[in-house]
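J.: Read off the chains here:
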Amino acid sequence: MEYKMKLTDEQKAILNGAKGETMAKVMETVVMFGDIFGAEKLIPVTHKDGHLVTSFGIALMKPLFSTMDKLIEAGIKTEGKFSVDPRPLDYANVKCNLLEKIAFHVMYKKQADYEEQLDKVGLRDRDSFTCTCYLDEVGNIPKKGDILSWAESSAVVYANSVLGARCNRNSGMLDLFGSIVGYVPYFGLVTDEGRKAKWKVIVKTTEKPEAQILGSAIGMKVMEDVPYVIGLDKFIGTELTDDAKAYLKDFGAATASNGAVGLYHIDNLTPEAREQGEALILPDAKEYIIDDAELERVYNSYPVMWKNKEAKPNLCFIGCPHLSYKQLCDWTDNIEKALEAAGRKKVAVRTIMTTSPQVKNKFMETGYYTRLMRTGVKLTSICPLMYTNNPMTKGRAIVTNSNKLRTYSIARYYKDEEILDVLSGKEVR
Amino acid sequence: MKEFKGRVLAGGEWRGEAVVSRQGVNTLATFQKSALKNAKQVIVSDQNNADIYGKNITGKALCLPITIGSTTGGLVIQTVCAMKIAPAAFLFSEHIDSLAASGIVLARIWENSDVIAIDQLGEDFLASVNTGDIISVRQDGTVIIE
Numbered sequence: 264m265e266y267k268m269k270l271t272d273e274q275k276a277i278l279n280g281a282k283g284e285t286m287a288k289v290m291e292t293v294v295m296f297g298d299i300f301g302a303e304k305l306i307p308v309t310h311k312d313g314h315l316v317t318s319f320g321i322a323l324m325k326p327l328f329s330t331m332d333k334l335i336e337a338g339i340k341t342e343g344k345f346s347v348d349p350r351p352l353d354y355a356n357v358k359c360n361l362l363e364k365i366a367f368h369v370m371y372k373k374q375a376d377y378e379e380q381l382d383k384v385g386l387r388d389r390d391s392f393t394c395t396c397y398l399d400e401v402g403n404i405p406k407k408g409d410i411l412s413w414a415e416s417s418a419v420v421y422a423n424s425v426l427g428a429r430c431n432r433n434s435g436m437l438d439l440f441g442s443i444v445g446y447v448p449y450f451g452l453v454t455d456e457g458r459k460a461k462w463k464v465i466v467k468t469t470e471k472p473e474a475q476i477l478g479s480a481i482g483m484k485v486m487e488d489v490p491y492v493i494g495l496d497k498f499i500g501t502e503l504t505d506d507a508k509a510y511l512k513d514f515g516a517a518t519a520s521n522g523a524v525g526l527y528h529i530d531n532l533t534p535e536a537r538e539q540g541e542a543l544i545l546p547d548a549k550e551y552i553i554d555d556a557e558l559e560r561v562y563n564s565y566p567v568m569w570k571n572k573e574a575k576p577n578l579c580f581i582g583c584p585h586l587s588y589k590q591l592c593d594w595t596d597n598i599e600k601a602l603e604a605a606g607r608k609k610v611a612v613r614t615i616m617t618t619s620p621q622v623k624n625k626f627m628e629t630g631y632y633t634r635l636m637r638t639g640v641k642l643t644s645i646c647p648l649m650y651t652n653n654p655m656t657k658g659r660a661i662v663t664n665s666n667k668l669r670t671y672s673i674a675r676y677y678k679d680e681e682i683l684d685v686l687s688g689k690e691v692r
Numbered sequence: 539m540k541e542f543k544g545r546v547l548a549g550g551e552w553r554g555e556a557v558v559s560r561q562g563v564n565t566l567a568t569f570q571k572s573a574l575k576n577a578k579q580v581i582v583s584d585q586n587n588a589d590i591y592g593k594n595i596t597g598k599a600l601c602l603p604i605t606i607g608s609t610t611g612g613l614v615i616q617t618v619c620a621m622k623i624a625p626a627a628f629l630f631s632e633h634i635d636s637l638a639a640s641g642i643v644l645a646r647i648w649e650n651s652d653v654i655a656i657d658q659l660g661e662d663f664l665a666s667v668n669t670g671d672i673i674s675v676r677q678d679g680t681v682i683i684e
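Sequences listed follow chains A and B, in order.
The opening position of the first sequence corresponds to residue 264 in the working numbering, with each subsequent residue numbered one higher.
The opening position of the second sequence corresponds to residue 539 in the working numbering, with each subsequent residue numbered one higher.
Next comes chain B alone, as it looks inside the complex:
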């Protein structure tokens, strides 16, 4: 069991499975195929991200350094939150980037989304967590890899 503490951007209590990208997650490339198909789950469609390509991230904790890519990113996050197919939690090892931050804020204010977002969990977090690990998230920003 390993415990990490990050900054709470959008808090909540949650327990579930992690999906881990050790490289920046390209939001548009990741979500676009599933969103365009109006799918019930997000199967990652980013061909450049071998860590998560083809994986189902709906309702899971997406562990990542930051998001990258097109500035549609925030709106894409807002949309998948509104569609209820977003990850349950975004767990950033670094300081959140401007596009992901936009998405989290838009989802909270305009969609009343309960998506969890914690940043600055540290490099060790991203090095320690693996896809398939069960993790717990606490209201105060504590993340436990069980």
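Extracted from the complex, chain A is given alone in its bound form:
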């Protein structure tokens, strides 16, 4: 192939087939991808443990399965061990009717085969299915400055912004290929220049903005650019506490799904903003002011996609991205309080919370778990989006506090407080 970037002798040899035809194609893909962005070279992946976005064995993804087969046939594995996004199904905790089960069976009939393929190529273990691989309990945690070959938009934006690692918004397959060859192209968010902010976002709300609406507003405005957010530290502090990290996890997921943000800086809080401050903002940066009215405008712009727009909610998902341990504890406290105030013992709407297998195990060892189960809430480690992909679920009036889930499904977004109203049987708009 013709290429423009400078390659080392080792990289050239791989490209020319020294490690086999399939490995050459993997390298060709990485090089051609980098050339499109004018990458001058490939740089080593320093955090070897990857994270893949593609966790689901949807039967129609034939290119995925055939590529995996080719890799396995050639004996190719990743350098480190990778985690991967959540599984699609958990019938024990996410009950389905017969029609839904039939549809799921058809949709995800390749799941077991695909998980075997993942094992053979370098999956860390069978509990490594979560979108929040970077949480302490899960343990796929890069250091500041590490170069990654990850995908999953919410994980990439978290790793870049909160951990200070360096990763482009890789697509599925490119995440895996970078982890196989051990190199990624040098462009965009892995460069100093690519991490500068093209937007100065000023938060002027009167109270702490809902993370998922603020992220949505910023994502829709800046698209793939880097925003530098001023005024948020007033509400979430200047230390990366568990609460601040959970806020940024949800905020980032919304910026990445409602737009294409791969990195944000929060003034006085995120690592690079603490070090470099407003020097990170490019001189010609555009400005976006967010006040109460702007957040309300964005919130009111979300279309209601339910078949019956006047329906009462009958299913609620909380936890996209997967909830942290602290969030699970907080939701337990808040649901109990809301139910007590409403004179109820159980949630009024079937409710499913999602978290990583590791956080779930930790949570199950505490009294919080018993309390949460007492309210009737179910806890699982699936991806709610993969549940809502089932055409048999489209008639349900699903509510969620996830702006990512709203974007990719018919689920209707509600603020956290409104979700509590729904769960305690109150009327909501």
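Just to be clear, a hint being listed does not mean it is correct.
[Stated by the list, open to error] Computed spacing ranges between beta-carbons, pair by pair: (1) Asp662(B) to Asp382(A): 42 to 52 Å; (2) Pro566(A) to Asp671(B): 22 to 32 Å; (3) Ala577(B) to Ile365(A): 12 to 22 Å; (4) Thr501(A) to Glu555(B): 52 to 62 Å.
Since the hints were made in silico from the structure, they are not lab data.
Here a beta-carbon is modelled for each residue, glycine too, at the ideal position from N, C-alpha and C.
The hints should help you fit chain B onto chain A, whose structure is shown.
T.: For chain B alone, kept in the frame of chain A given last:
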């Protein structure tokens, strides 16, 4: 007639109908419903994109600034190319984004796809082209709105 010149990422000669999104195209949200149904055509399912929601984009020129959204995006493009239900051409007004670029590269190398991709056609291109316009694409990256 208006002529524009972009950068060729995956070249080809083509003439046909344009479908235009003036906002970023969320790849997963756009294609997922049709892909999941194993449909013969892509009817855009992205509720947040009024420009193209409900439109058939198979075999047409999808004119857009960039793609946005989930990092499954590249694999989704590769899949719809393999299913032969992709747009015939992706015409980007801006520099292509990393997810769409992945999809185009994966489709070319692993699926031998002949999907056309041209980027950096400029803001004026996206402001000038309208859904339903007939456009011609040339091997050298020239795009003509007829």
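J.: Hint by hint, note whether the structure agrees.
T.: Hints versus structure:
| no. | hint | in the structure |
| --- | --- | --- |
| 1 | Asp662(B) to Asp382(A): 42 to 52 Å | holds (51 Å) |
| 2 | Pro566(A) to Asp671(B): 22 to 32 Å | holds (27 Å) |
| 3 | Ala577(B) to Ile365(A): 12 to 22 Å | holds (19 Å) |
| 4 | Thr501(A) to Glu555(B): 52 to 62 Å | holds (54 Å) |
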